[in-house]
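Asks: Listed below, chain by chain, are the residues.
Number of protein chains: 2
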Amino acid sequence: MQGAKAIEIEDPYIRMPHQIQNFVRLCEAVVKLSNIKRIDLITGYDDELQKTEAEQKLGEPKQSLLEMDIIFEYDFNPNLHDREIRLDNGWIVKIGRGLDFYQKPESWFEIGTNDLSLRKCLETKVDIFRG
Amino acid sequence: MQGAKAIEIEDPYIRMPHQIQNFVRLCEAVVKLSNIKRIDLITGYDDELQKTEAEQKLGEPKQSLLEMDIIFEYDFNPNLHDREIRLDNGWIVKIGRGLDFYQKPESWFEIGTNDLSLRKCLETKVDIFRG
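Read top to bottom, the protein sequences are chains L and B. If you want the numbering used here, it's the 1-based position in the first sequence plus 66. If you want the numbering used here, it's the 1-based position in the second sequence plus 66.
Worth flagging that the hints you see were computed from the coordinates, not collected in a lab. Among the clues, some could well be false.
[To be verified] To give an idea of the chain B side of the interface with chain L (calculated C-beta under 7 Å), a few residues:
1) M82
2) I86
3) E94
4) K123
5) E126
6) P127
7) S173
8) I177
9) D181
10) C187
11) L188
12) T190
13) V192
Just so we're clear, the structure is a prediction, and the values are computed from it rather than from any experiment. Quick reminder that beta carbons are idealized off the backbone N, C-alpha and C, glycines included.
Excised from the complex, chain L in its bound form:
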């Protein structure tokens, strides 16, 4: 993410609470590790209720990112399938499962609940290349 000023995330599955948490974690990494000042998300939805609930939840990182001088905009496309993260310095990250590639812990107090580097993953491919 070094040298990038903007990041675009296309991922149809940023709608359930744990998926929005995955996205918040990505935003936390952006805040901590980069000088990115703009985040764009395009995601999907099944029905209007789900869309309304996702909009409400996504408003929360939007507000706290704004307090850190980072603009976050989101939009919905119900036909979206592919997952892709694009940085404005040319790097592209494609994860087969998108951000939702961690296994659910058996319990919420086990090791790896908070620190995802200790959490088991689902099988997926990660392709990182320069466009």
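Here the structure of chain L is known, so what remains is to put chain B in place on it, guided by the hints.
Replies: Quick look at chain B alone, frame taken from chain L:
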């Protein structure tokens, strides 16, 4: 934590779910950053129901630590007041508020929900010294 093989945590407030999560996060740091093979926790309780619930929750990191060859034992002392973390290489960490020194986020989707280095703290003193 480098060079330490065992850690003892005395903290009366490892009983509410978020406090046990704080403790699980400490265990995650132990797993990731040290060669510690034994963790001892002494904590407190208000009543038998709270103690039973805490025992149940603490059994979960106990099991997952065991799978990583780390022994975790806990005990209860209802009269405990002071907070102290002791490493067997002589280092002692005293935090006025114990592990429970983070502010509750205003929402569970804001930046700093997951990455505590981005979360606001409560006022407390941290003393680190070699005993």
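Asks: Now look at each hint and say whether the structure bears it out.
Replies: Hints versus structure:
1. Taking 7 Å as the C-beta contact cut-off toward chain L, the hint placing M82(B) at the interface is violated, the least distance being around 12 Å.
2. Restraint check, I86(B) versus chain L: the minimum CB separation of about 6 Å is within 7 Å; hint holds.
3. Evaluation of the E94(B) hint against chain L yields a held restraint, the C-beta minimum of about 4 Å falling below 7 Å.
4. Hint on K123(B) holds. Least Cβ distance to chain L is approximately 5 Å, under the 7 Å limit.
5. With 7 Å as the threshold, the beta carbon of E126(B) comes within range of chain L, its nearest partner Cβ sitting at about 4 Å, so the hint holds.
6. With a cut of 7 Å, the hint placing P127(B) at the interface with chain L holds, because the nearest CB-to-CB distance is about 6 Å.
7. For S173(B), the interface hint holds, the least distance from its beta-carbon to any beta-carbon of chain L being 4 Å, beneath 7 Å.
8. Nearest Cβ of chain L to the Cβ of I177(B): about 4 Å, under the 7 Å cut. The hint holds.
9. This hint holds: D181(B) has a C-beta 4 Å from the nearest C-beta of chain L, less than the 7 Å allowed.
10. Because the smallest distance between the Cβ of C187(B) and any Cβ of chain L comes to about 16 Å, over 7 Å, the interface hint for this residue is violated.
11. Taking 7 Å as the C-beta cut-off, the interface hint given for L188(B) is violated, the closest approach to chain L being about 18 Å.
12. For T190(B), the shortest C-beta to C-beta distance to chain L is roughly 20 Å, which exceeds 7 Å, and the interface hint is violated.
13. Hint status for V192(B) relative to chain L: violated, with the closest Cβ pair at about 20 Å, above 7 Å.
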